Every structure is written in C-alpha cells, then in structure tokens.
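*Asks:* Let chain A serve as the given structure and place chain E on it in line with the hints.
Protein sequences appear in the order of chains A and E.
Under my numbering, the first residue of the first sequence is numbered 7, with each subsequent residue one higher.
Under my numbering, the first residue of the second sequence is numbered 7, with each subsequent residue one higher.
By construction, these hints were calculated from the structure, which means they are not laboratory data.
Keep in mind that a hint or two might mislead.
The list makes no distinction among identical chains, and a pair is therefore deemed to hold if it is satisfied within one copy or across any two copies.
What the hints assert, rightly or not - Distance condition first, Cα-Cα at most 20 Å in a straight line; then the derived EDC-like pairs of lysine to aspartate or glutamate:
1. K253 <-> D102
2. K253 <-> E385
3. K526 <-> D89
4. K526 <-> E502
5. K253 <-> D100
6. K265 <-> E322
7. K541 <-> E268
8. K175 <-> D383
9. K382 <-> E361
Note that the coordinates shown come from a computational prediction; the quantities given were computed from them, not determined experimentally.
2 protein chains.
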Amino acid sequence: MEKPQPELEQEKDPEAEAAARPLLTDLYQITMALAYWRAGRAREPAEFELFFRRCPFGSSFTLAAGLRDCMRFLRAFRLRPADVKYLASVLPPDTDPAFFEHLQGLDCSAVTIRAQPEGTLAFAHVPLLCVSGPLLLVQLLETPLLCLINYASLVATNAARLRLIAGPKKRLLEMGLRRAQGPDGGLTASTYSYLGGFDSSSNVLAGQLRGVPVAGTLAHSFVTSFSGYAQSQVLMLAPASGQGPPKDLSILTESWLGKVCEYLGLRAEETHLGERAAFVAYALAFPQAFQGLLDSYSVMRSGLPNFLAVALALAELGYRAAGVRLDSGDLLQQAQEIRSIFRKCASHFQVPWLEAVSIAVSNNIDERVLDQLAHKDSEVDLIGIGTNVVTCPLQPSLGCVYKLVSVRGQPCRKLTEDSEKQTLPGSKAAYRLYNGEGAPILDLLQLEEEPPPQAGQELRVWPLDVSGGDCRGQTLTPVSLEPLLRVYFHQGQMCEPIPSLAESRALAQKSLSCLSSAQKRLENPEPYQVALSEKLHALLGSVARSSQEGP
Amino acid sequence: MEKPQPELEQEKDPEAEAAARPLLTDLYQITMALAYWRAGRAREPAEFELFFRRCPFGSSFTLAAGLRDCMRFLRAFRLRPADVKYLASVLPPDTDPAFFEHLQGLDCSAVTIRAQPEGTLAFAHVPLLCVSGPLLLVQLLETPLLCLINYASLVATNAARLRLIAGPKKRLLEMGLRRAQGPDGGLTASTYSYLGGFDSSSNVLAGQLRGVPVAGTLAHSFVTSFSGYAQSQVLMLAPASGQGPPKDLSILTESWLGKVCEYLGLRAEETHLGERAAFVAYALAFPQAFQGLLDSYSVMRSGLPNFLAVALALAELGYRAAGVRLDSGDLLQQAQEIRSIFRKCASHFQVPWLEAVSIAVSNNIDERVLDQLAHKDSEVDLIGIGTNVVTCPLQPSLGCVYKLVSVRGQPCRKLTEDSEKQTLPGSKAAYRLYNGEGAPILDLLQLEEEPPPQAGQELRVWPLDVSGGDCRGQTLTPVSLEPLLRVYFHQGQMCEPIPSLAESRALAQKSLSCLSSAQKRLENPEPYQVALSEKLHALLGSVARSSQEGP
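Isolated chain A, as found in the complex:
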C-alpha cells in the first residue's frame, strides 16, 4: 500500500504553521541581544551566512533542504508576552524594561532571505542561506535556522546516498519514526528523506502535513495476537467481481493450504494456525491489498505456505495479493527462494500475477546491506529503512554554521587561529558554472556588488582548498551558468513560492544526474570545486592583513 497524497491541510493547520517557536534558541542569543540593544546597535543592518565546511558522510555533495520550514518559522516569528516574561526571569533583574518592549515588537518584516532552492546540490562554504536584517533580530534567528536546516539537509543527503546505492528501480520506504529524536525529528526525517529520493514513509503525520506518500504493512504483534479463526467475528468475503455469494475465506484458505503444502513438500502441521488466521483477518480487511509478514514463526515452514494459501484463496475470489515482508534472517537469500517458489506456484496453480508479488524487506538495513539488496539479481522490490536513514549514523550532524559577514555594509570576518574556522567576509553572490556538456565545473563565490559572470567570457577564479584557505588562481570560460541564491523572502514577504516537496525531490534527482560518476561515488569521491572571484579573494587578503596589523 503506497499512496501519493496532495499536500493536504498544510495551510489550515495552525500547528503546522510555526515550524519552531522563537524561544527555541540558545540563551546566548538573548544575552547578546541585550548587549546589542544596550549599545544602541539593535537595528544596524547586518548579514549572516549559513553554510557548512564539509559535505557529510565523505560525499562530494550535500542536498540543500529545510528552507520550507525556515519560511514557516520566519512568517510566524513573534514573541508572545509569556515568552518575554520568561526571558525577563533569566536576565538580570535590573534589565531595562524598554529592552523587553523591543523584543515584544520584533517580527521578520525587515528580514530578507536569499537561499539555494531545496533539492539543489550544495557545496562547502557556499551559503545555503543569506539572512539580512536588523543585527539583534538576525542574530536571534541563528539557532532556530540552524536547527531547521542542519538536520533536514543531513537526512536528505543521507537519503540521496541510499537512493544512489539502491538505483532508480527499487522502492525505498522510510520507517524510522520510532528511532528519531522525538516527534519532530521523525516528521523532519520523513519529509526530507522523501525529498532526498525515498519513495514513501510509514509516518502518517508526514503524509497528512507534508503530502509524503505513506506506506505500511503489518507488524508481528498483529500476527501473534491471533491463535485461530475463532477470534474473528467475520470470515465471509464477497468475490471481487461483486457476482456470486460471499465465501468463508478461512475454509478456502484451509483447502488451499493442503494443496500448497503437498505441492511444496511441506507439512501442514508445521504451519502456525494463528499466523494463518491473522493473514485471513488482514485479507478480509484488505482484499485488494493483502500483505503477509512472513517471519513471526518460521518463514519457510509456516509464513510462506500460509501466505500462499491465503493468496490463492483470494485469487479464487478474483483478488490479487500485494506483497510479503521479511524482517529477519538473510534477506537477499530468502527473497531469492521466495521468488522462486512464487514462480513455481504461479505456474503450477495458474495464477500468473503470483510470480510478481512484491517482496519487501527490513531489519536494520545500512548502506552495505542495501548494496547487496540492490544487486541486479536481487528479487527484493521494496526496502524499508529506519534507523540508518533517520539517525544518519555515519555522521549524525552536518555542522552548518551561521556567521556574520557584514554590518552596515562593512565586511566582517572571524580570524581565529584555527584556520578551518575562519570565515569569508562580505555579502556574496554565488553562481554555478557549467561546461559545454551541461556538467557543473565549479561554484563561484563573489561579492554581491560585483557584476555577474557572463557565459562565454573568460574569468579568473581562486579555488578554495579543502581547509578553507585558498590556493593559486586559474582561468576558465563557462559555457553557461546559473545564480545559486534566490530571494525567497524580502522585507518580511515571501516573494517566490517554495516548490512542492515532490518538485524539490525531482530537482534533487536531476541535479545529481549532472554530477560525474567520480563525483557521485560514495567513498573517496572526486571533490567538487568552489572558487572565489578575484575581488573576493583580494578582500580576503586585505581583511586578514588589516587584522594582523592591528586596528
């Protein structure tokens, strides 16, 4: 069962509106706010950039994600009186009440956001978000924006890796809600693993609020809750055609069980009656979409013959079974055996659709296991991944940062002795330059005031080295290019709609297809280059020198 859903109710639901509350922030944002305000600097125009320093999981790329949640957060941003009262309780008792009035009046009507669209491939040091507005306010936004972008981009990238491994045909189901960091972690994971390339999620709320296609089967508890047919009050099922009287599905099933066991050389006494009764109950509820979970007792001696008996009983009434699921053991090997038995039975019992019944697998599947399950000879159709997509165990955080790049139009820079933590000063523009084959050559960072690069025109650029420093200049001539940062939010107004989740998902797959296979490789990929314009490179030098020389 897998149903695409329109983005239902998203706008109607007040809980869905605010992605995070304003106080979901670090206390130091509040203490700094007070200090900015005391210094009379609250309204100074400032710009921050949100970026990461290294792509996660050793990949050459990151998928930009989380922007839709940032927009919901910014539009609803407003401190309630209770919030301000709470802040007063943690600040010094003699804090000027006018500061709290200032906080109470804050909203995002003076904030502008430029961002890379969701689903864009993003690279180190190229801003995902440029946030400009009054210094005090855009400082306050740091933590919630990081919180909304960091994990969304991480899990989308993780999902994209899993999709690359699985190839385009295997269906991938995200089912990690129970292992996520609480309710919202689960919702975020489901939303952005779909954006990254999964087909569906088990998370019903993600279906309701975000339009993610939802899918599901049944659990062992359902199977083990049955001990026999006597527990079911209903056993009659009408034929699919609507023609003819209803029949007792348990009687049909018992009769088919004998035939199945005889044909496969199994002992009917070894099959579990409770399991079969559970399958019959599920089939009665979903005659058009019957699925069996095969491993509550013994897959080959009980689950499989029971499934076949019910499937053939359904076939007799004109229905088609939908699938089976395995949740333990050697999944690949069992899928081969099951497919081979499906084929034999399809032919022997003359039920052709039986050979193509979907085989779904789950059980702590990681990249390595997925690689086996995605092998060209694999008979697995659908792969459910929970923990290993949701928790991103290879690297459970992306490490985006939010750094001040200008105040009052003057470039700022952090010049710590840890060179990797140094930042690039100034308000920037970013372009992706392409070669004649439509493949991206590099991302170019330049100052926002510079004229954009031109297609067909030679440029001198300064590639960033891995440590965030710079190396020697080079020249190149892009055949085409695109600006990476779009103005989504201007002075408090949305000025471009956020594409639907499905559109961003399609963009992600399209962008990935432009990378070379060496760049897409999951281990030791060829790095993607990011470079500075001549002018930005020069500014970097001058800000560094002026600091070394002292003020």
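*Replies:* Only chain E this time, still in chain A's reference frame:
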C-alpha cells in the same frame, strides 16, 4: 550565567500539552487497526511491553526516561475530524464508515500504564512501560510511545556517561540544539540530558517549558560585529555600590589594557580593538556577569589581554567578571595557561577573585576529550557539549521495541527463527533485588499473577543470557527488594504524579551510585543480571513447545 528555573508555564501552554499528535504513527498501525476492527477484536483486552534488548554505547545500564512526555501524549490523545478524514484518504475507498466512527471516539480512558520511574536504571528485557487496554488502541500507541521513550532514554544515558566521565564537580552545559533533529529533537535532548546529569542547557525553550536551568555566553559574531567603541552609543557605567558618578568603561579599559600588556609582556597594538569594544559592550549589559569569548582573533595576544583589561576596569567599579570561554585549539593546555595568568594578575593587581574566574570550553567535545578535560589537574570549570550529547554518535538509537505479551489474558509470544528477536510471554511484574550492602543483585521478571518475592526468603531464578535466551537456574536470598513497575496511569487517569525533572535527575544520580564501579565502567563493564522467575521460565518453555508442536 546559569539560572535554575521552576517548571514555568508547563501546564498553561497548549503546545506543551500534547507531546505528539495521534497521527504521528506508522501507517501499518492504521491498517492493522482496520483489520482488528473488521475481525471484531478492537476492544479485546491486550497488553504490550516496551523494552530494549541491549543497553546502549556498550554501557551496563540505561536510564529510563520519556515517561513525562508519554503521559502528556496519552492524556491529550484524541483524533480530530481532520485526522480521521486524512486516514480515510489513505485507506481503501470502500472502508466501512463505522470504522472511522470508532477511531473518532478513541481516547485513553481504558488504558493503563505501568512504568519504571524516570531516572531509574533500566536493564535489557525489563519493560520500561507496560501498556494495557483495548487491542486496537494499544496497538495504535506503539509508534508514538516508542518515539517518546527511545530517544529520551538514549540521550539521558549518554548524558549520564558524560557525567560519570566528568565527575561530580565539572559543570556540564548541553548546547546541541542546532545539531538536533529539528525543534523537538532539540527540546527533548535538552530536557533529558539534564535528567541524565547535565547542569544546564543553552536551549531557552527547555528552560521555559521544562524548567531546565539555562546558561549561555556570547558568540563570535557578537565579537566580530564590533570594530571599535564608536559603534556603541552607551559607554558609561555606574559603580556597583551605586555610590559615585558613572565612568566611561572604554576609557578605564584602555588604561587597564596598557598595564596588563606591560605586566604580561604583550604588545597592546596586537590586541584587537573591535574585540575589546565587544567585551566592553557585553560588560555594560552584564556588569555583574561579564564573560569573554577569547578566540575570535588570537587568544593569548588579543582575547586574554582584552578580557583582563575589561575585567580590571569592572573591578575598579566594584564588579566581578564571571568567566571566559574557549572554542578552538588545545582547550586543556590553554586553560592551564589562562589560569596561571589569572593567578599572576590576581596577585599583581590585587584582585583576588580574578584567579577563580570560570573557564568554559567547547568545540566538538566527545568522551575522549572530556576525559582529558576532567583530569584532576584540569583548570576547566564548565564544559559545553553539543553534537556529542545530542546526536549520541556512539549509537544514535536505542532500539526499544513494543511487543504484544498477552491478549484476553492469554500469553503471546513471537517465536521467530532469529532467537534474539524472540519475546517473553505474559503480563509481568519486575523487582530489583538487593544484597546486604544495598547494592542491586539483579532484576527479577515474573508473571504478574505470582506473589511478589519476599526479603530474606530464598528464591530460585533463571538468569537471561545475553542473547535473550536462558541458562541454568540459581538460588539467592535478597536482603531487600523494590518493585520496578508503578501504575502511573490507570483507566485513563494519572494516579501518581510524575516527579519533577530535577527529582528524576537526583534519582538517576542516586541509582548510579549504587552500581559497582565495574558495572559503571564505560568500556567492557561487568554486565548487570536480569533473571526470570521459575514460573515465567516454565511458561517460556511451554509456549515454545506448544508452538513447535503446531497448533
């Protein structure tokens, strides 16, 4: 700055009331619900157990946590019409409308929860939660309850490990909000890392909603946003005593800078004026709680002398500086150097409190680095940990499961061929047995109907082996014992208040102190034993046999 807070507003805030929405569940819960309902089994009395199979991180223990969120979830559990409408859109179009009426009428008034109190040490296979009620409903609760318990217990346990490493004196600040799985992941992390033994969190919302003490300093952006004093509109500060005229703190600071640099043999020209102006601005906002972030430019040549200049200027006005923070480089080594300079200056400038100014450190601190920072000669006072507490990188999910143990009073069991995934049948009671020294000997699982074990009376028990199987019986005589599962929620009513977060935090520390040091060891600890009663052990054998023999 670190302020303990009462649990403010928790009850008043509607958003804080429902910990999760009913649709935050896996779709298969809904499909199973329909199948149970169709079979006429929706209201059959059933019991599920929520437990884990292995303690996380290689620890011998887990801290039970998340119960308070489960209670909030259960009390508010109710499907809204829009929820039911959404479910109708993903179920077959011919689904009986009476099923949706049944869903619409669901609440937890027939649900009973027995649970281990928050902050209890919990061990493998001993239920954290026993959930009984109507089969359809308690099945539906699976995913949200797992979601609320799994991560809460994981992060509390992770925090407890970090507290064991840090020892009782170092202050631990959780600051991982920006690296959490979205807003709620951050809130959950802050709440339960406090429960696990941290002192405070940077997360303001956790302070507001959960009463977690909040703490914070300042960020590099604040420092780099200043280039000089001209940016500040206010520079005057009144003496702490209130006696005497305000003085210009920038003038005092400049004068102290000369003395500091002269005494320490530093060049005043190498100090960064913007950094100093930022410190002055912060000091003007927080004269009683001035803190300096030292590594925006150069710790030893700029951050430290600038901090000292401002601190001594404040001292002249009768204030005491609160602390410094380091966020890069060799934290331990720098803390030693800074402390030694604080001592020299305290003595030279006759400002005794200066030598005890708090040194806070952060920068991707993990267990290994924390172990160094907690060394007895370490001069570090406060340690901020973000990613490594929040994301639990050593094991990012706990793997709690939720298994059906009885229906209509009959024990159920999953008997998969994967022996580790087999479950223990029947509704159970659990006791912790203690020896004469008050140390726990083992946790005993028995059937709920059995009489409780008695102190001083010999018992025959069957220890579980690591794989979840059982081994040979043994006898023992507990000197004292306590029941582990308490009825918190009975037929829809809270029947015991959930202790405050601070009380649960204290319980966790007390429980940990009862473990032997071999059991508390973080690597290769001595395992803690869990055993079955004679009767439960016998039931296990009989359920296994009856299944092998077939129905």
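*Asks:* With reference to the structure, classify each hint as holding or not holding.
*Replies:* For each hint, the structure was consulted:
no. : hint          : in the structure
1   : K253 <-> D102 : between (79 Å within a copy, 19 Å between copies)
2   : K253 <-> E385 : neither (33 Å within a copy, 80 Å between copies)
3   : K526 <-> D89  : neither (46 Å within a copy, 40 Å between copies)
4   : K526 <-> E502 : neither (30 Å within a copy, 55 Å between copies)
5   : K253 <-> D100 : between (80 Å within a copy, 19 Å between copies)
6   : K265 <-> E322 : within (13 Å within a copy, 97 Å between copies)
7   : K541 <-> E268 : neither (80 Å within a copy, 40 Å between copies)
8   : K175 <-> D383 : within (13 Å within a copy, 59 Å between copies)
9   : K382 <-> E361 : within (17 Å within a copy, 68 Å between copies)
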